[in-house]
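Enquirer: Here is how the chains run, residue by residue.
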Amino acid sequence: MSTDTATPARTSPPPRETRRPGRLRRSWDKHWYAWVMVAPVVLVLGVLIFYPLGRGILLSFTNLTEANQLAEICSKSITGTEVCKPNPNAWEIVGVDNYVNILTGKVGEFWQQFGVTLLWTVTCVVFHYGLGLGLAVLLNRPMRGRGIYRVLLILPWAVPAFVSAFAWRFMFNENFGLINSVFESVGLDRVAWFADWRTALLTAIVANIWLGVPFMMVTLLGGMQTIPGEQYEAAEIDGATPWQRFVNITLPGLRSVSMTVLLLGFIWTFNMFPIIFLVTGGEPAGQTEILVTGAFRSAFEGIRNYSLSSTYGVLILSILLVFSVFYRRALRKQGEVW
Amino acid sequence: MTMTMAPGTTAGQSTHTPQVNKHSRAKRSPLASLGLHATLIGASLIAVFPIAWVVLSSFKPKQWVQSSELSLVKEPTLGNYEYVLFETNFPTWMLNSVIIALCTMTIGILMSATTGYALSRFNFPGRRKLMMVFLVTQMFPVAVLIVPIYKIMATLGLINTHASLVIAYLTIAVPFCSWMLKGYFDSIPTSLDEAASIDGCGPFQTFWRVIMPLARPGIAVTAFYTFLTAWGEVAYATAFIQTDDRFTLAYGMQQFVPQFNAQWEYLTAAAVLVTVPAGLVFLYAQRHLVSGLTAGGTKG
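Protein sequences appear in the order of chains A and B. Just so you know, the first sequence maps onto residues 1 to 338 in our numbering. Just so you know, the second sequence maps onto residues 1 to 300 in our numbering.
Be a bit skeptical, because a hint or two may be false.
[Unchecked claim] Partner residues aside, some chain B positions facing chain A, computed with beta carbon under 7 Å:
1) LEU40
2) ALA43
3) VAL48
4) PRO50
5) VAL54
6) LEU85
7) GLN138
8) VAL144
9) LEU192
10) THR243
11) LEU273
12) VAL276
13) PHE282
14) LEU283
[As the list claims (entries may be wrong)] According to the in silico footprint, chain A covers these stretches of chain B (three or more CB under 8 Å from chain A):
15) 55-67
16) 113-120
17) 163-172
18) 196-210
19) 219-232
Honestly, the hints are just simulated from the structure, not real lab data. Predicted model, so just to flag it, every value in this text is computed and none were measured. Yeah, the Cβ is synthetic: ideal placement off N, Cα and C, and Gly gets one too.
Required output: the full structure, derived from the provided sequences and hints.
Expert: Structure, rendered in structure tokens:
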């Protein structure tokens, strides 16, 4: 992390004598404008993100659902006055019960959904990165029509994700979808894509790969163009084959960009809501639900189970935090100062 | 770090100029050339085809959309568009989406511009922590915030209002905009700030008079991207909005394809109407977008 990109304070530093007052005071004198500049965002982060996050974590230790959220039950008596008495089944704090229930599989399908999420994330990210890198290499050479290819290949990114989700669900439709029609015309059987979890997940993965490759491609292409051309020329003079040049110059040159986009890709795919929600909708019978959509359904469908959903949320966040800590540590061990 | 060493390739500049292999075109054999173009054409077809198919289907009447017979266009009609635009609430949904996305975009940019600048220029205590927080908020699954925000909105009586969605989207937009804008400000040489300060500008004046005008392309791109994120958001819109006249596009369009009796012909027409403006804006913005994103990411 290169903090040297940040120019230290430029307004005249306080003279030596005034350094006497407390550390905080000195710090304030020196940095007040920076702090004033970040204040609105810090405030918003606090109010809109960390306060709800705190509440979410608290919720995960209760058993709050739609059915027991009222503290009092009020009913009109015969005389017309409202009589309120405490709700005997009101929500209460249950400690870590939610976590225990979810992790032991007593409630919900955490481990099954976790498995699906991992399969989904790893497959998507591997294809995103592989295809993105391949296309970036091809595009990173002078040729005719380069600009046109670039625009066409970026198109999937330009479409809002929910529209792409609908488009793929449409194409995978069992009765009149394009894919089945093509299958039929070449003599294959129609596939009931959403009747089996494997084919259903496949449709979502295909949709998401289609959607996510352009981001990787453009990012890696940007990274490639920062690699100095002399390195390639020198390698060529030394008689390096194209493959050797790719492995020894391109890949190392892309390292820091790759590490960033792989981490972001992993996190984004792990939390990718619209594709699963709209393409498979969890079909068949919730078997292709990933953690995020599973949590959403428990919170907002049927009897709303707010506490269960919050517990899911906290678990997902913990998984991602642990993952990124290990990821960064692994990078650091290899000498990457990111 | 490559990106750090080459600040010239970040925002605002075309990354289009080929820097490497300038001379390999002459050396490429015709066969290699053929392979290269064939692969790229194939990939482009895959990229474009689903979009094209939806566009084609939107011009077909119902019986041909829902037919297993393969046909590019049959009995082309504008009926689907007519229905979507005049017989449904689609225009209202679009208006809702525009309002919500515009509000999110404006508030997000206004709040995060100074933060991006401070992060880019000043080395103040708490800077690295704030950068870390922005990265961590990328990890927040929708599931962890949606319930508490829902409960808070319910307490405030804001469920089923545009305001609730704008507030929810700000949780995504503010960290993202700050992160992106920092990347853009990084690409503006600090010598300009120094010159301004010699001329007697304070930090706020420097930011407002010198840096903001220069960062306009970067700000525009960040704004567009924020707009599109709000434009396509599904989860919060599905959870918070309950009545037909308040739906956003992402939720409203689900109405066309219920579990049974889905009306794909209308959905395809609506999809085209939604995508065309978003796509145009995006294609304009994307070139600047990516350089900014990676710059912010690798410069920490």
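Enquirer: For a quick check of understanding: which of the numbered hints are violated here, in increasing order?
Expert: Hints 6, 9, 10, 11 and 12 are the ones this structure does not satisfy, whereas the remaining hints hold.
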